Amino acid sequence: MKAAVIVFPGSNCDRDVAVALEASMGAKPLMVWHRDTQLPDLDLIVVPGGFSYGDYLRCGAMAAHSPIMREVKAKAEAGTRVLGICNGFQILTETGLLPGVLMRNRNLKFICKDVHLRVENGDTDFTRAYGAGHIVRFPIAHAEGNYFTDAETFRAMEGNGQVAFRYCSRTGAVGEAANPNGSLSNVAGIYNATKTVLGLMPHPERLAEDLLGGSDGKKMFDSLVEALT
Amino acid sequence: MSTITPEIIASHGIKPDEYAKILDILGREPNLTELGIFSVMWSEHCSYKSSKKWLKTLPTKAPWVICGPGENAGVIDIGDGQAVIFKMESHNHPSFIEPYQGAATGVGGILRDVFTMGARPIANMNALRFGDPAHPKTRHLVAGVVAGIGGYGNCVGVPTVGGETNFHPSYNGNILVNAMTVGLADKDRIFYSAAAGIGNPVVYFGSKTGRDGIHGATMASAEFDEKSDEKRPTVQVGDPFTEKLLIEACLELMATDAIVAIQDMGAAGLTSSSFEMASKGGLGIEMDLDSVPMREDGMSAYEIMLSESQERMLMVLKPGREAQAKAIMDKWELDFAVVGHLTDTGRMVLKRHGAVVADLPIDPLALASPEYDRPWTAPAKRKVIDARDVKVVCPAEALKTMLGCPDLASKRWIYEQYDHMVMGDTVGRPGGDAAVVRVHGTRKAVAITTDVTPRYVLADPYEGGRQAVAEAYRNLSAVGALPMAITDNLNFGNPEKPEIMGQIVEAIRGMGQACRELDFPVVSGNVSLYNETQGAAILPTPAVGGIGLLEDVAKAVGIAFQEPGSAIVLIGETKGWLGASLYLREICGSEDGAPPPVALHRERRAGELVRQLIGDGQVLACHDVSDGGLLVAVAEMAMASDGHMGALLDAPSSVPLHAWCFGEDQGRYVLEVRNDDLAAVLEEAVEHDTAIRVIGKTGGHVISVGGRAVPVHELVQANESWLPAYMGAEMSGH
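Just so you know, the protein sequences line up as chains A and B, in that order.
FYI, the numbering for the first sequence is 1 to 229, going by my numbering.
FYI, the numbering for the second sequence is 1 to 734, going by my numbering.
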């Protein structure tokens, strides 16, 4: 698998996801600066977490207009797999690669903690190692992760298997009590229509090693390596 | 230039005898710019004039110390060619005025102190003290400070891995915000601030200079009246995004060999950075202030030199390297300007609009700042409280009450607003004895803690100073880390009062003794004095930030009970010391009594024992015994466990039960040990000549002692609910 990680000024999970990718794929991913305009042939593009351009405008709004994102969008439209984590998810919604928006958390605060997620669609290149209904534990770390889209769009997304992960309890119950940020229908991550682009607020790369308290995240990278090698 | 009147001198905080010294140094009257420079260079903050005499008595050396106090931060050797660089610093006053920006810029400032020396910051900590929760400002201050620390640290992408938060009415008018940064560097790539090479370019980079943070006291002076609005000082505003760029740009530039010396612009901005670099190198600097990147038009030399705009750096480059450095700053979209060059004159010559606006000798300003030997009186010794004279209440009820009190209540509401996992190396998260952060790409880890028990320091500054250091030593040992060195952040009231000066002197004496006996030197620090409102001082709060090293991160242990049926072992002696304890304060409503004494030789032996047992893999969980005593420590281990595992305790009859449960005797640890390992553990304790006792076993879902029991989930409820409920009453909206 050939992978690249896009680096914006203000990205701060670029190294973390590169470490997790390397552990699964056995080679270092290419790190691509935001001013670049070309990408080589790739199997996976990762848009990492952080505070691109400081997120002083709406989160991800500036990054969505950076030179490299035009190329990312073209590659995504041609079928290259794209994974957006946290700020990366926000950027993908801002570019229009994924539907909906991410609003301020319901409590208006930054939240950093482990959450449980239910794998809603376990049959994509990102989640095949889990399978549907599997419960995973990933950390969240965001102030704007409250997913929203209009009812009609959401119905279509659900019908098309585009909900990737939902926040749930330790035992898998999806409900208000397990919703950390007020997301519509407990949505933690979504796909595009063809399931080739995944955006999620939780950080799989942060629990991809037992020493750090868990390795549920590693299977996402393992899935991708399995599917794209 | 203005005439310097006694009012202008006084408004700069310069005493008449200090002004006489200025006249003597210059052989003439200073102009206003020069006076402003003197005032910040000789301020308590920059010159340590009240504390210097005593700070010199602290031990600062050890074979593993690469750089002690005097540089931007302390540096220690962690082996394999690597070094850890760290410091703690206060941002108390600005945080009280404007909690969000005050705390945020506090984090920004301490980060710069660390990456200026060539380190990538790998962890932030903070020690916070707020006033009485019932005080009308407290909630607003907690909300603002926590949001500010999170807002800055989260964006910069450095994990905030722990800290401590206390509440006490003495902080009602003077909260304390002490921030600490730990960084990692290659031992042979450490950058210092001493300028060298006559003619070398002096380069400014980072953010532009604005009118923020300029010494406010001067604004009452006559010639500022006509434009007073325009020149009114504003609170410094932090820009964590620029700081992130600055970190990356600095580290990229530091990977080249272009830099001769580098210094961040912290307190007193361009003034202190330029003077320090020149003074350390024994050289002069000539600067053209017209080339300083400025945010607004019409700034005077005075304003440029005294601005405390954030995210700015000053460096000396090797000749001819300007283009190389500028290319890196351009990549990161940071301002870059050659603002001067080094001279052999030993003088600071500043030009503005083509005219010399200041011409000052450097060493007399930087080195000959006043040093006071202020009168001091040691506080009267308090009487030792006999536990038999202290009210007895049901231990289960008392435990629940104490776990829900503001000082012991869970601080989850705070640390969940801090990104404590970014960088992917946080092994020991907030809530334990010490944070554990892996050294990236290795099996090693750094353990980090901040500690001080202000009520002990008030009760007896000497014992309290010793205790602060000992507790840091204990917290590091409790995760299995070898304590290496500390940074200190000494927060006190007005040193011109002999009783406050007595607290400072005695606390430093106690800290120094503990550091010596525990081989735990002080490598950096900061002093914050005059923390008083309407004549009432804060509790003396000499915060200690301790660093320890784990050779194998996989061996670190946490506080959570692991297995039912294992033995609970207490290391250290228990006499049931209730003086100055939390039990006395929270249950009996008294803050009286002498604090528990620290026996440093026993402290050291107990620490060595615990580290050895952890290193040998014989410890399932470990927690030091501190605030609230033994029963609180055991309860915290139960509350942290998966599924709220309980403990059945067996109290000895030799100590009154309430004193055994809640006494704050020092030098103690609670260990969870497998029954199979118990004999070996007890034997090892004998070898280390350290008191040890099996006090119960894990299991069930209650904490049971002296025939009373309380369910762990009720304790969790009491412990977790106080802070969210308190903060939940905050006014909605921001």
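Be careful, since some hints might not be right.
To be verified - Listed next, with one range per pair, are the computed distances between beta-carbon atoms:
(1) B:721 with A:41: 53 to 61 Å
(2) A:182 with B:412: 18 to 26 Å
(3) B:412 with A:28: 48 to 56 Å
(4) A:176 with B:711: 20 to 28 Å
(5) A:185 with B:729: 28 to 36 Å
As the list claims (entries may be wrong) - These stretches of chain B come out as covered by chain A in the derived footprint (C-beta under 8 Å, 3 or more residues):
(6) 51 to 60
(7) 412 to 422
Stated by the list, open to error - Not the full set, but computed from the structure, chain A residues with beta-carbon under 10 Å of chain B:
(8) 9
(9) 10
(10) 11
(11) 15
(12) 20
(13) 50
(14) 53
(15) 54
(16) 56
(17) 111
(18) 112
(19) 113
(20) 160
(21) 161
(22) 212
(23) 215
Think of the hints as simulated: they come from the structure by calculation, not from any bench.
Here the structure is a predicted model, which is why all the values come from computation and not from measurement.
Glycine residues also receive a C-beta, built at the ideal position from the N, C-alpha and C atoms.
How the hints compare with the structure:
1. B:721 with A:41: 53 to 61 Å: Given about 55 Å between the Cβ atoms, the range holds.
2. A:182 with B:412: 18 to 26 Å: holds (19 Å)
3. B:412 with A:28: 48 to 56 Å: violated (36 Å)
4. A:176 with B:711: 20 to 28 Å: holds (26 Å)
5. A:185 with B:729: 28 to 36 Å: Given range 28 to 36 Å: holds, Cβ gap about 31 Å.
6. 51 to 60: violated (count 0)
7. 412 to 422: Answer holds; 8 residues pass the 8 Å Cβ test.
8. 9: Holds: closest Cβ of chain B sits about 6 Å from residue 9 of chain A, inside 10 Å.
9. 10: holds (5 Å)
10. 11: Holds, because the Cβ-Cβ distance from residue 11 of chain A to chain B comes to roughly 8 Å (cut-off 10 Å).
11. 15: holds (7 Å)
12. 20: This interface hint holds because 8 Å falls under the 10 Å limit.
13. 50: OK, holds: residue 50 of chain A within 10 Å of chain B, min 6 Å.
14. 53: OK, holds: residue 53 of chain A within 10 Å of chain B, min 7 Å.
15. 54: Residue 54 of chain A check passes; min Cβ-Cβ to chain B is 3 Å, inside 10 Å.
16. 56: holds (7 Å)
17. 111: holds (6 Å)
18. 112: holds (5 Å)
19. 113: Holds, about 5 Å.
20. 160: violated (33 Å)
21. 161: Because about 30 Å separates residue 161 of chain A from the closest Cβ in chain B, which is outside the 10 Å limit, the hint is violated.
22. 212: holds (6 Å)
23. 215: With Cβ-Cβ at 13 Å, over 10 Å, it is violated.
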